[in-house]
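Q: In case you want the letters, here they are:
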Amino acid sequence: MAIGRTIRDEFDWPLFIAVSTIALFGVLNLYSATDGGTTSDAYVQQLYWLVLGFGVAALTAAIDYRHFERYGWLIYGACVLALILVFVLGKSVRGSTRWIALGGFSLQPSELMKIGLIIALAKYLHHDTKTGGRTLADLIIPGLILALPMGLVLLQPDLGTAMILAFIFASVMMLTQLKLRSMVTLLATFVVAAPVTWFYLLKDYQKERITAFWDRLGGTQGDLLDSGWHTHQSLVAIGSGGLTGKGFTQGTQTRFRFLPDQHTDFPFPVWAEEHGFIGALLLICLYLFLVLWSLRVASQAKDRFGAVVAVGVGAMLFWQTVVNLGMVSGLLPVVGMTLPLFSYGGSSLLSTMLGLGLLMNVSMRRFSH
Amino acid sequence: MITLSQRREVGEFRKRYRWMALFVVLVFAGLIVRVAQVQLFQRDRWSGIAQQNITKTLELPATRGVIRDVEGRVVASNRPSYDVYATPRLLHPEDLERITSLMGLTHDEGEALEGRIGGLPAERRTHQIQLFRDIDRDQLAAIETHLAELPALDIITVPLRDYPYATLGAHLIGYLNEVNEADLASASDPRAYRPGDRIGRNGLEKRYETLLKGSRGFRRVVVDARGRALEGATPDSLDVEMLRKPVPGHDIQLTLDMRLMEAFDRAFRPHPSGAAVVVDIHTGAVRALYSKPVYDPNEMSSGLSTRRYAELTADPFRPLIDKTIYETYFPGSTFKVITALGALQDAVVDPAERVECTGFIKIGRQKFRCSKRHDWVDLYDSVVQSCNVYFWELAEEVGIERINRFAEAFGFAERTGIGVNSEAKGFLATREWYEEHYGAFRIGYTLNTAIGQGNTRVTVLQLAMAYAAIANGGTLYVPQVVQNVRAPDGSLSETFQPRTKRDIGIAAQHLDLIRRALVDVVQDEDGTAYRARNEDGVPVAGKTGTAQVVSRKGRSEESSSAWYLDRSHGWFAGFAPADDPQVAFAVLVEHGGSGGASAAPIATAVMQKYFSEPGEGE
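Protein chains in written order, with the numbering used here: chain L, -18 to 350; chain A, 23 to 640.
Keep in mind that a hint or two might mislead.
Pairwise CB distance ranges, derived in the manner of DEER restraints [what the hints assert, rightly or not]:
| id | chain 1 | residue 1 | chain 2 | residue 2 | range |
| --- | --- | --- | --- | --- | --- |
| 1 | L | F229 | A | E116 | 34 to 44 Å |
| 2 | A | E131 | L | L28 | 49 to 59 Å |
| 3 | A | P143 | L | L28 | 39 to 49 Å |
| 4 | A | G141 | L | I65 | 43 to 53 Å |
| 5 | L | L33 | A | A163 | 56 to 66 Å |
| 6 | A | G141 | L | A118 | 58 to 68 Å |
| 7 | A | Y331 | L | L183 | 55 to 65 Å |
| 8 | A | T179 | L | L33 | 53 to 63 Å |
| 9 | A | L127 | L | K72 | 38 to 48 Å |
| 10 | L | A169 | A | G140 | 42 to 52 Å |
FYI, nobody ran anything at the bench for these hints, they're computed from the structure.
All C-beta atoms, glycine included, are put in the ideal place defined by N, C-alpha and C.
The whole structure should be built from the sequences, with the hints applied where relevant.
A: As structure tokens, this is what we get:
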């Protein structure tokens, strides 16, 4: 086999370096966020997860992605099955059931579902014979591919992940030449669906967060005790960082526990408080690079499957990053959303690493046949 | 092996990458702008909140200055009060129930407390507010025992004002109570007072508020999001002042002698109401400023109930009124010396000339009665025996203008300038005033004025100051109650020198004549205060007076005390010791009847005590 040579020649160094840098920053940040607290060894665990994650990514990258195409439905099916298992075996954390205990650690199937969805959509589009001018009817099957896992995730309920699944779907479908008329119809459907969602589907606490968000955008103080409190303290952390930050492990918002979930959903304020605008800009630019790079990989992919996978992974990174940063900087309502590579958490890191492995895979095989 | 049946068309996708890239760049640019806005342009605001977040400011109240009397006896000081504070953000609803039961509050009080905390705006919820003030020992024990389970609570010990002499001198010393909106609005330094603080509301406490108050300090502690203090965990980035020590207020030493005040209190026991003033004739320093009855300043400080306030206002002996400086009275015969001195100084009378007192005189159809038939008396005798007829005869010669002119010289109808509380001016009726109010001027008005009836009204302090001028040779002083002010370190920061109001300009021999007469009021067997003399004791000189009370007919006919309230007031004003005057005094016994029987014994007894006890006094 020529794989050894191929890897040396085609290895995507920019992608690897960007990913490694973000992951390293993430571990440092985690150290600071948990230093002196009850979970002060979290960064060691995160290091283990990272090693595992890089291993998984390497494995994913090594296997020719045509195998993933071939077993696409199987992978998708396995992920859906895992989602169903959540309701049977799952454990409940803060009112929603998202986890399955696997031996010593917990697995979040909804995280893996993101990759399952990307592969399934890629497989579907790969075999689709149409080359342009798609109508709504052409969206029915991909729509169903989305609807099944999304419905299951909403039942948990996990609004954030469901949203990301929908965003991945929408981004991927944007690749195809959807007719203008169809787009308008979609938009109209969304407008009708929004109030229905608000009144029938959203839980009270979810509505509360959105209300708090609108209050804040409108300039009123809102209730600092509940939802608004998180965003307020997050802004205090980011804002007080200034240009150069308070220094590593010197963030007062972090050290004195004013940030909620500071190592899972709110690691960016920790980073921004301690490293200031310069650090924040550096981190945001690394994410921007990752997303743009995945588009570049997609554009160079040799087939539709590769292109869709690259765009799907790029979309996953993009939307999670934007929603998380938008949330912590007060531009979007608070939803549970991790910052890829940077947040503490095994499942999130594993799914991200799987995605990045796929991306590397597509990147390395852009010229081979 | 792996074979894709056909190479799929990727051209369809090509057109979209640029748009996607553009979209991604625009969204990230938006995020960067937002982060820049928060970190670069709003930095100060968020930094401020970050510092507030992690610091809890504990107030260190200043100790209010102590007020002492001339001998250093403590008149106003401080005792500890245990106050309960809470950080509302950390209070859970079940905590409030707990507090309600620990404090032994009623259901309604508990609900009121809940309402108060629920009504706080969000930005105040992270700052401590006062829940209770001056809790008792049982409550303190209950709260302290459970403090660990109620992290929102804090017990803070603050000094509370305490008046060891209770009612004695309360009008002058004053009291504190809680600041109101107006105080907060008018304070020169907006940080000086906060809601819940106490401010001098009356008397010296009010007059010297800025000196007594001191300034509060604070201690900042670093806290985590649950409000728990983290000792020694000050982050490098926190550049705020962590400790400012409170500065105690200045101490004030009065000219007042509380032993003298106590002596008056004892001497006044038989009488329900009255007033007395003692001043140093050489300096104007006030040694006693006694008014009876008085409210308890300790009671006023802790807030009067509406019912209690109504009781105080309805009391016929008017405890809220300071009878030494705020109430005015007819001076009665104590005023005769002013008429006499005016006549002597302007030489309208020959002091040796005698007048026959037949017990009355007739002016037109009106008959003016004397206290008794004095037969032939000269000026000296008429002062000693308080003969009205002599002064009526004299009045015609002297005239109302001259009487008023000399009365003004002696400080009547003019505020003494004691500088504490509101002071009444008193009143001297002029010819014009009578014409305006009584239609025409009649000679009878002059006659009444000459003997201190008519419409002349004086304060007890004014009379004492006038007698001090007679005793010291004609110098009218401004009365002073504060001797000096000391800084918290004990150093003198201000000493008050005697202030002269004017030299009255009466020849020494005239003053000497009157003084000798005043001595004989007490010493001579015919003197009106002879029975009040200190046999073989401290010689006291003075003039008795009896001031008619404006009839209260129709006001309290049915009241059992009506007969009493219609009785005349008794006066005695003078100086002591008679042979070497040191102090002047004026004593008024409300509804005491004749001054010789009611007021004079009080004055002589108090002077006896004041000058005879060794090691103290002048």
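Q: Against this structure, judge whether each hint is valid.
A: Against the structure, the hints:
| no. | hint | verdict |
| --- | --- | --- |
| 1 | F229(L) x E116(A): 34 to 44 Å | 41 Å, holds |
| 2 | E131(A) x L28(L): 49 to 59 Å | 57 Å, holds |
| 3 | P143(A) x L28(L): 39 to 49 Å | 46 Å, holds |
| 4 | G141(A) x I65(L): 43 to 53 Å | 50 Å, holds |
| 5 | L33(L) x A163(A): 56 to 66 Å | 58 Å, holds |
| 6 | G141(A) x A118(L): 58 to 68 Å | 60 Å, holds |
| 7 | Y331(A) x L183(L): 55 to 65 Å | 58 Å, holds |
| 8 | T179(A) x L33(L): 53 to 63 Å | 58 Å, holds |
| 9 | L127(A) x K72(L): 38 to 48 Å | 44 Å, holds |
| 10 | A169(L) x G140(A): 42 to 52 Å | 45 Å, holds |
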